[in-house]
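Asker: Knowing the structure of chain A, use the given hints to seat chain B on it.
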Amino acid sequence: MRRPALVRRDRVVPATQALGFFVGIVVALLLGAVLLIVSDHSPAEVYERMFDSAFRGTDSLSRTLGRATPLALAGLSVAVAGSMGLWNIGAEGQMMAGAIVATGVAMMADGLSGPLLIALMMVAGVAGGMVLMVGPALARSHLGVSEIITTLMLVYVAIRVVEWLETGPWKDPESFGFAVIEPVPEQAALPGLFGRANIGMLIALGLLIVFSVAVSRTAWGYELRLAGSSPDTARYAGVSLRRKILAALLLSGGIAGLAGAVQLTGSATRLESGLSNGYGFAGIIVAALALMRPSGVAVVAFVFGAVQVGGQSIQTLGVSSAISDILQAMILFGALVAVVFFSYRVRWSAPSVGLPAGVREEPDPSAEAA
Amino acid sequence: MASSDADYAVWLRGIDKQFPGVIACAGADLRVRPGTIHALLGENGAGKTTMVNVLAGVYRPDVGEVWVSGRRRFFQSPADAIQAGVGMVYQEFRLVPTLTVAENIVLGAAPRLLRGSEIEQRVAELSATYGLAADPARPVWQLSMGERQRVEILKALWRNASVLVMDEPTAVLTPGEAAELGSTLQAMASEGRSVIYISHKLDQVVAFCDEATVLRRGKTVATVDNLDDVDLHELAEMMVGSSQSGALGRPPPGETGHEVLRLQGIHAVGDRGLPALTDIDLTVRSGEIVGIVGVSGNGQKELAEVISGLRPPAEGQVAVKGQDVTEASPSDRYRLGLAYVPEDRLGMGLAPKMSVVDNSVVRSYRSQRRGVFLSMSRCLEFCRGLVERFGVRVGRLNDPIAGLSGGNLQRLLLGRELAGQPSVLVAAQPSRGLDVQGVAAIQGHLVDQRAGGVGVLLISEDLDELLALSDRLLVMFEGRIVGEYGPDVTPRTILGAAMSGNPPT
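Chains as they are written, first to last, in our numbering: chain A, 1 to 370; chain B, 1 to 505.
Hints in this document: simulated from the structure, not taken from any laboratory.
Every residue, glycine too, gets a C-beta built ideally from N, C-alpha and C.
It is possible that part of the hints are untrue.
Said to hold, decoys possible - Keeping only pairs whose Cα atoms sit at most 20 Å apart, straight-line, the calculated SDA-like set for lysine to any residue is: (1) LYS353(B) x ALA219(A); (2) LYS321(B) x THR256(B); (3) LYS201(B) x GLN186(B); (4) LYS353(B) x PHE281(A); (5) LYS353(B) x LEU291(A); (6) LYS353(B) x LEU6(A); (7) LYS201(B) x ASP167(B); (8) LYS353(B) x ARG235(A); (9) LYS321(B) x GLY265(B); (10) LYS353(B) x VAL339(A); (11) LYS353(B) x SER229(A); (12) LYS353(B) x TRP87(A); (13) LYS219(B) x HIS200(B); (14) LYS353(B) x ALA288(A); (15) LYS353(B) x TRP164(A); (16) LYS201(B) x GLU237(B); (17) LYS353(B) x VAL340(A); (18) LYS353(B) x LYS171(A); (19) LYS219(B) x GLU234(B); (20) LYS353(B) x PRO14(A); (21) LYS353(B) x GLY85(A); (22) LYS353(B) x THR16(A); (23) LYS321(B) x GLN264(B); (24) LYS201(B) x ASN226(B); (25) LYS353(B) x ARG345(A); (26) LYS353(B) x ALA328(B); (27) LYS353(B) x GLY238(A); (28) LYS353(B) x ARG9(A); (29) LYS171(A) x PRO183(A); (30) LYS353(B) x SER212(A); (31) LYS201(B) x THR49(B).
What the hints assert, rightly or not - Sample of chain B residues lacking proximity to chain A, with all beta carbon distances greater than 12 Å (derived): (32) GLY35; (33) THR49; (34) ARG94; (35) LEU114; (36) GLN121; (37) LEU126; (38) GLU177; (39) GLU315.
Here chain A stands alone, though its shape is the one from the complex (with noise of 0.2 Å):
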């Protein structure tokens, strides 16, 4: 009996990713039609408005780059602890302790520039984010203590401190009444590119740039790639392990508190407990779509939020949320599927024991040097 086994595959091919990417959605719009039917919508108008609220026109376009700079952050975040093997579960967290030192700074500083408030408020938010991992981090490198577990916790953590700073201290005394606190100085608001798009794109395209250099071009890159593939062979060439997972955790705190910030001064008005609006989540699939590479973070970003302004919009056609929900979810999980076809391949193993004792193969001749 032949048994199907799924084999890691030596090489991915960009272009096989690409493929494996285009098909993974496709097959999922196709099985997504299927639902529309049985609905009673016209998959084809459904899909022609998703496509066009999230792609045609600068209004559209500008939306889901709007909606793709949170994800495209947040995935950079967990993808550069994942770069190293380590799980960032916790930008959630992250994000709102970078927006919570963000608006402390701003009540403090409320009589500066915008642009020097801006980017003191983004320092802030990279503090933050940062500050929030300090804990994760050190039990990691110095304990072993899975970030896993302590990075999620520290979510609800980052969520209550912001509610309790809705309720009493940070309370908008002219809020009639409301807790809520008050909002970031007007002058802090990012400067608008185009549409709805503003300049933290182009934070976040920069820091993807950065990190995507630094990571495979840099001897800093090298290092951490040697100690998240083989923590040993990092051993042996004299590199520290504790500092390279300490380097990488705080980084991806940081870069999660930014997005916090980002998210806070570019298209929020106030910090609130629903600022990060899973957008920290969603940024592990984005990494793990990317598989875990910052120049695939980009991409995944940018089809993520277009699905999602895409599913957004076609509620207006009367299609129902729950309905909207299953579809973007599906049309994400078929790329996640599509990621494990590119990653591995199918192999259908030969009967347990393949030949009889004595039958020998011939031996490849290329497989030893002469």
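Answerer: Only chain B this time, still in chain A's reference frame:
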């Protein structure tokens, strides 16, 4: 030996098994009669573990047949092998520490509709039958290593195993526990069960076992039907081979120069927290090959790690070319002229998932920098140089290195270490698992380095290799150096020293 298949409890016939880069078994046979304790002997990497994993359904052989209790088997998984009556006791125990002894024993094979106390009672009966004392209600994490091993054996007996495989069972036991284990196994054999016993401790093998199979480089080189007929030394000679058919004649004695490596009063602790090296003094001079002989697990691995900087010694000094490097990191030692080919090629020496280029600059990437950047063109050039100079057969240089064959991996690794023009080379098991050409190429490089004035410390379990290449031989036993011999020593003398720790005079 024209007996019918049904006579054997286990018959592994003509097993071939290859892993990426390593030939583990090449036509090996193993025949075990019912009711016997069968020793499976061989150096590390000879294929013993692969053979028993084939029997246990963990690996499927590329070629070959598996027969258990007279029937040909096609195991798809360990569960199939358990079903067929094969019980495995691995060196690293596979018990759930938080569960009780009884829960561990019946895990996955619990009778339905029985209360916990009844299961505990049945387990207690089983342990009483075989004299394997173990309190069924105690959680496993509270048990000593010896008790955990008893639980593993009870687990196999609970599943009514007709064949019990034990991989290095006495490594974790005190001498008293080891003797007890011997009598338990003999009791099982007298009931008609068979035991396959893997061990490096030949005195124990001779004491408990009835018959033996000896593997060498993936092939069965000897079978002994009655262990009473052979002595310890004959058995050891079968394991390491005393054919003197080494790939090379001994290189002509060269001129040895100044001291390049010195260890003084080194003490070190092993992974289990027990002393692994005791008061080691050794020196290697320029232009000589010093061989380290010893049965596996007598401190060779720790010695290599202390020298290369991966294991800090508890006491003592390491000096390279007269300079104290005891506190230096592995990379600093490399810069000072100490190259190291580790025993664990893929995983320590090389990073399997990284590319050929990335792997070739593990030692030198710091000098391939241009500002903060790593110069890709320089790395590539360096890698091409290595590949050409050392005749490494590779595909694309940007592909993961795991696709290379064992011989080519080792050529690249050795080449990378030699690229820094070291004064000392520590090579641990450099030719293990390679095919004939690979062995010849690696040994050739070692001899060339010696001729070029490098001092080589060669740690090997292949006595032929050591006798063929070394200018001096040091024997290690239980973490000490117990004897030093010239190149003309007989295999028997060396073996005597390595087995007993007492060099004959």
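Asker: Compare the structure with each hint and give your call.
Answerer: Results for each hint:
1. Restraint check for LYS353(B) and ALA219(A): the C-alpha separation of about 18 Å stays at or below 20 Å, so the hint holds.
2. Between LYS321(B) and THR256(B), the direct Cα distance comes to roughly 14 Å. Compliance with the 20 Å bound is thereby established for this hinted pair.
3. With a C-alpha separation of about 17 Å, the suggested pairing of LYS201(B) with GLN186(B) holds against the 20 Å cut-off.
4. Distance restraint check for LYS353(B) and PHE281(A): the Cα-Cα separation of roughly 28 Å exceeds the 20 Å cut-off, and the hinted pair is therefore not satisfied.
5. Between the alpha carbons of LYS353(B) and LEU291(A) the distance comes to roughly 14 Å, so the proposed pair stays at or under 20 Å and holds.
6. Proposed proximity of LYS353(B) and LEU6(A) is supported: the alpha carbons are some 17 Å apart, at most 20 Å.
7. The straight-line distance between the Cα atoms of LYS201(B) and ASP167(B) is roughly 12 Å, inside the 20 Å bound, and the hint therefore holds.
8. About 16 Å separates the Cα atoms of LYS353(B) and ARG235(A), which keeps this hinted pair within 20 Å; it holds.
9. Annotation: proposed proximity of LYS321(B) to GLY265(B) holds, straight-line Cα distance about 17 Å (limit 20 Å).
10. Restraint check: the Cα-Cα separation between LYS353(B) and VAL339(A) comes to about 18 Å, which is no more than 20 Å; the hinted pair holds.
11. Of the pairs offered as hints, the one joining LYS353(B) and SER229(A) holds, with about 7 Å between alpha carbons and a cut-off of 20 Å not exceeded.
12. The suggested pairing of LYS353(B) with TRP87(A) holds, with an alpha-carbon distance near 19 Å, which does not exceed 20 Å.
13. Under the criterion of a C-alpha separation no larger than 20 Å, the hint pairing LYS219(B) with HIS200(B) is consistent with the structure, at around 17 Å.
14. For the given pair, LYS353(B) sits about 18 Å from ALA288(A) by alpha-carbon distance, which is consistent with the 20 Å threshold.
15. Note on LYS353(B) and TRP164(A): the hinted pairing is violated, with a Cα-Cα distance of about 47 Å set against a maximum of 20 Å.
16. Taking the CA atoms of LYS201(B) and GLU237(B), the gap is about 14 Å. The hint holds against a cut of 20 Å.
17. For the suggested pair LYS353(B) and VAL340(A), the alpha carbons sit about 17 Å apart, so the restraint of at most 20 Å is met.
18. Note on LYS353(B) and LYS171(A): the hinted pairing is violated, with a Cα-Cα distance of about 52 Å set against a maximum of 20 Å.
19. Distance restraint check for LYS219(B) and GLU234(B): the Cα-Cα separation of roughly 18 Å lies within the 20 Å cut-off, and the hinted pair is therefore satisfied.
20. For the given pair, LYS353(B) sits about 17 Å from PRO14(A) by alpha-carbon distance, which is consistent with the 20 Å threshold.
21. Taking the CA atoms of LYS353(B) and GLY85(A), the gap is about 13 Å. The hint holds against a cut of 20 Å.
22. Between the alpha carbons of LYS353(B) and THR16(A) the distance comes to roughly 19 Å, so the proposed pair stays at or under 20 Å and holds.
23. The hinted pair formed by LYS321(B) and GLN264(B) meets the criterion: a straight-line CA distance of about 14 Å does not exceed 20 Å.
24. Straight-line distance between C-alpha atoms of LYS201(B) and ASN226(B) comes to about 18 Å, which keeps the hinted pair within the 20 Å bound.
25. Our distance criterion of 20 Å between C-alpha atoms is met by LYS353(B) and ARG345(A), whose separation comes to about 17 Å.
26. For the proposed pair LYS353(B) and ALA328(B), the alpha carbon gap of about 28 Å is over 20 Å, so the pair is violated.
27. With a CA separation close to 19 Å, the supplied pair LYS353(B) and GLY238(A) stays within the 20 Å bound.
28. For the hint linking LYS353(B) to ARG9(A), the alpha-carbon distance of about 11 Å falls within 20 Å, and the restraint holds.
29. Straight-line distance between C-alpha atoms of LYS171(A) and PRO183(A) comes to about 11 Å, which keeps the hinted pair within the 20 Å bound.
30. With a C-alpha separation of about 19 Å, the suggested pair LYS353(B) and SER212(A) falls inside the 20 Å cut-off, and the hint holds.
31. Between the alpha carbons of LYS201(B) and THR49(B) the distance comes to roughly 16 Å, so the proposed pair stays at or under 20 Å and holds.
32. Against chain A, the non-interface label of GLY35(B) holds: every CB pair exceeds 12 Å, the least being about 25 Å.
33. The Cβ of THR49(B) sits about 19 Å from the closest Cβ of chain A, beyond the 12 Å cut-off, so the non-interface label holds.
34. For ARG94(B), the shortest C-beta to C-beta distance to chain A comes to about 22 Å, beyond the 12 Å cut-off, and the non-interface label holds.
35. Every CB of chain A is more than 12 Å from the CB of LEU114(B) (nearest about 34 Å), matching its label as outside the interface.
36. Distance check for GLN121(B) against chain A: the nearest CB is about 39 Å away, which clears 12 Å, and the non-interface claim stands.
37. Annotated as non-interface, LEU126(B) keeps its C-beta farther than 12 Å from every C-beta of chain A; the closest such distance is 32 Å.
38. Distance to chain A confirms GLU177(B) as a non-interface residue, since its nearest Cβ pair spans about 31 Å, more than 12 Å.
39. Against the 12 Å criterion, GLU315(B) stays outside the reach of chain A, whose nearest CB is about 22 Å from its own CB.
In terms of the numbered hints stated before, the structure departs from hints 4, 15, 18, 26, listed from lowest to highest.
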